[in-house]
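Given the coordinates of chain A, assemble chain B onto it according to the supplied hints.
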Amino acid sequence: MNYSDMLKRDLVFLDVDAKNRQDLFRQIAAKLVARGYVKDSYERALNQREDEFPTGVVFPEISVMLPHADPQNVRQAFLAVVKVQKPVHILQMGYNTPEDAEAMFFLGITDSSQQVGLLQLFTDLLQNKQFVADFRRIDDPEAMYELVFNRINQ
Amino acid sequence: MAKIIVACGSGVASSEATVGRINTFLEEHNVKGVQVDATDFKQLPSVLPDYDVYVWIAQPNQEIEQIAKDHGIAVVNGMPIFMNVNPEKSYKEIFRALKAMQKK
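Quick mapping for you: the protein sequence lines, in order, are chains A and B. With this note's numbering applied, the first sequence covers 1 to 154. With this note's numbering applied, the second sequence covers 1 to 104.
If we strip away everything but chain A, and leave its shape as in the complex, we get:
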């Protein structure tokens, strides 16, 4: 599978003003529902999953979050790229310890065996100093799409 197919021009949101994690999920879920990527059940499933099993990951270069719901809530595979105005307080995957996340990669997974390679690729990318510097600097959605597209298409 070519993972760049999962990246969508209409799913790059770089100036999200979120009060907290629930508010962030509400805003992103509404956009995903409106664009037909997920079912109405998605927001609830996303929150439930995050409460039980948090998805925050603190890399040496950047603190992020990889929210995902079970495949039955997803209509079409996607990767949504999100930057928030102020870090969102969440918990870390595996350790359940606090984290302030500045970026989110919402994964819409429909077929895990086909699409998890993207997660491996992303965990490597988030340790790349140049990528993280570019990612932080870019505030234009189209430029961000190009940056991520070129990296996952390599």
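Think of the hints as simulated: they come from the structure by calculation, not from any bench. The reader is advised that the hints may include incorrect statements.
[Unchecked claim] Result set (BS3-like, lysine-lysine): computed pairs, CA atoms no more than 30 Å apart in a straight line:
| hint | chain 1 | residue 1 | chain 2 | residue 2 |
| --- | --- | --- | --- | --- |
| 1 | B | 69 | B | 42 |
| 2 | A | 31 | A | 8 |
| 3 | A | 8 | A | 129 |
| 4 | A | 19 | A | 31 |
| 5 | A | 129 | B | 92 |
| 6 | A | 39 | B | 42 |
| 7 | A | 39 | A | 83 |
| 8 | A | 86 | A | 8 |
| 9 | A | 129 | B | 89 |
Below, chain B without anything else, positioned relative to chain A:
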């Protein structure tokens, strides 16, 4: 055959990605005859006793820890492997568990 189980919340994303990394590592080190599977937390209590090594990327609860203890299953932190940030310690623990099995 040695069996490793990786468990995350949903069994669809982080655990599958971690299985991929472990398989790559085993191939690179020419380790054969090891089966690596992904599962979710719901399935874990029923399948865990069949495995030799349990790699967690979601915090194990008491029930899970007790099952691992009762069955002598090695418990390894999988987050460094998933993140690919300083994973050497976790890989060493997997290796050690696999070697200990060979002696049995």
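Hint check:
{"no.": "1", "hint": "69(B) x 42(B)", "result": "holds, 19 Å"}
{"no.": "2", "hint": "31(A) x 8(A)", "result": "holds, 12 Å"}
{"no.": "3", "hint": "8(A) x 129(A)", "result": "holds, 24 Å"}
{"no.": "4", "hint": "19(A) x 31(A)", "result": "holds, 17 Å"}
{"no.": "5", "hint": "129(A) x 92(B)", "result": "holds, 27 Å"}
{"no.": "6", "hint": "39(A) x 42(B)", "result": "holds, 23 Å"}
{"no.": "7", "hint": "39(A) x 83(A)", "result": "holds, 23 Å"}
{"no.": "8", "hint": "86(A) x 8(A)", "result": "holds, 24 Å"}
{"no.": "9", "hint": "129(A) x 89(B)", "result": "holds, 24 Å"}
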